[in-house]
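So the sequences go chain by chain: V and P. Heads up: the first sequence begins at 36 in the numbering used here, then just goes up one per residue. Heads up: the second sequence begins at 36 in the numbering used here, then just goes up one per residue.
Some hints here could point you the wrong way.
Intra- or inter-copy, both count: the list cannot distinguish identical chains.
[To be verified] Pairs of lysine-lysine, DSBU-like flavour, derived with a Cα cap of 35 Å:
(1) K100 / K130
(2) K130 / K48
(3) K48 / K100
(4) K143 / K130
(5) K100 / K141
Think of the hints as simulated: they come from the structure by calculation, not from any bench.
2 protein chains.
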Amino acid sequence: MTQNLRLMVERLKAVSHPLRLRVLALLGSGELCVCQVAEVLQVPQSSVSEALRELRRAGFVNERKEGRWVFVSVVPQSEISPVLQGILAEAMALKEVHQDRDRVAKVKILGIPAVCCKAQKAAKAEAAHV
Amino acid sequence: MTQNLRLMVERLKAVSHPLRLRVLALLGSGELCVCQVAEVLQVPQSSVSEALRELRRAGFVNERKEGRWVFVSVVPQSEISPVLQGILAEAMALKEVHQDRDRVAKVKILGIPAVCCKAQKAAKAEAAHV
DNA sequence: TTAATGTTTCGATATTTTCCGATGTGACTA
DNA sequence: TAGTCACATCGGAAAATATCGAAACATTAA
Chain V
36 MTQNLRLMVE
46 RLKAVSHPLR
56 LRVLALLGSG
66 ELCVCQVAEV
76 LQVPQSSVSE
86 ALRELRRAGF
96 VNERKEGRWV
106 FVSVVPQSEI
116 SPVLQGILAE
126 AMALKEVHQD
136 RDRVAKVKIL
146 GIPAVCCKAQ
156 KAAKAEAAHV
Chain P
36 MTQNLRLMVE
46 RLKAVSHPLR
56 LRVLALLGSG
66 ELCVCQVAEV
76 LQVPQSSVSE
86 ALRELRRAGF
96 VNERKEGRWV
106 FVSVVPQSEI
116 SPVLQGILAE
126 AMALKEVHQD
136 RDRVAKVKIL
146 GIPAVCCKAQ
156 KAAKAEAAHV
């Protein structure tokens, strides 16, 4: 409360960006690993990584490493301001984000290896071309 | 509700800026004319004008012309999303904004002519220098 | 009309942000 | 030990934004 102006602006900037807001909204419905996010949003992995770096800097996102994977998630409600909670809720209601969430459901059913592991992914693509 | 992503980002960007957020917060406690804002924030008038243009574009601010003065104010609560209401409330609680509000009180007591009219302003400055 | 004044727009520059391929890093695996 | 993989960081060019004085515009007063 009554934090400073610069800090508040930095936090708002962190979510004032199409990709970053989409990523945040996506994580709003549960933890994902970085490659899942990149796959769902169809965006270069380095872009996702940079988006996550900003969201982490702003304190909105946590990470958990597991082997070579990095799982990211929104920090607990109690750790973010009511304002951000509102932004997150509104973002999750966007129609673009609903579409993303449908894709996430499919990706989760397949499991991480099928989505992220290059070899398996390539094999799948091959099969699709037959 | 369930507006589109681009629009939501544009609105967030509009307030993700130190001057624009300060101006918005200042107007949160009542209508002011442009020159009052410039005086209180000690910022070139053209900068204030540009900040207000963005806030108007985002739909956060209304204007009312009266002679050569332009009075600006935050749009009614019912016209802005709960998220912006939250942002406004949080901005108004910032310590920098409290200081601005103290200055606004003084400026309002003096009245617009004493603050804005160049001649009277110059005379006042002269007097201060003895 | 002419001068003065509040406001907006323009112009020009400086700074920041965005974007993505290439490269680097650390961890698993054959 | 190599090779593979997920992820982070770097490089650097293009685009967007910030900033503010100067000029333009609109209204009022002399």
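Do the hints match the structure? See the list:
1. K100 / K130: within (31 Å within a copy, 38 Å between copies)
2. K130 / K48: For K130 and K48, both the intra-copy (22 Å) and inter-copy (20 Å) Cα distances are at most 35 Å.
3. K48 / K100: Answer is both; intra-copy 27 Å and inter-copy 32 Å each pass.
4. K143 / K130: Classified as within; 20 Å inside a copy, 45 Å across copies.
5. K100 / K141: Cα proximity of K100 and K141: one copy only (23 Å, versus 55 Å across).
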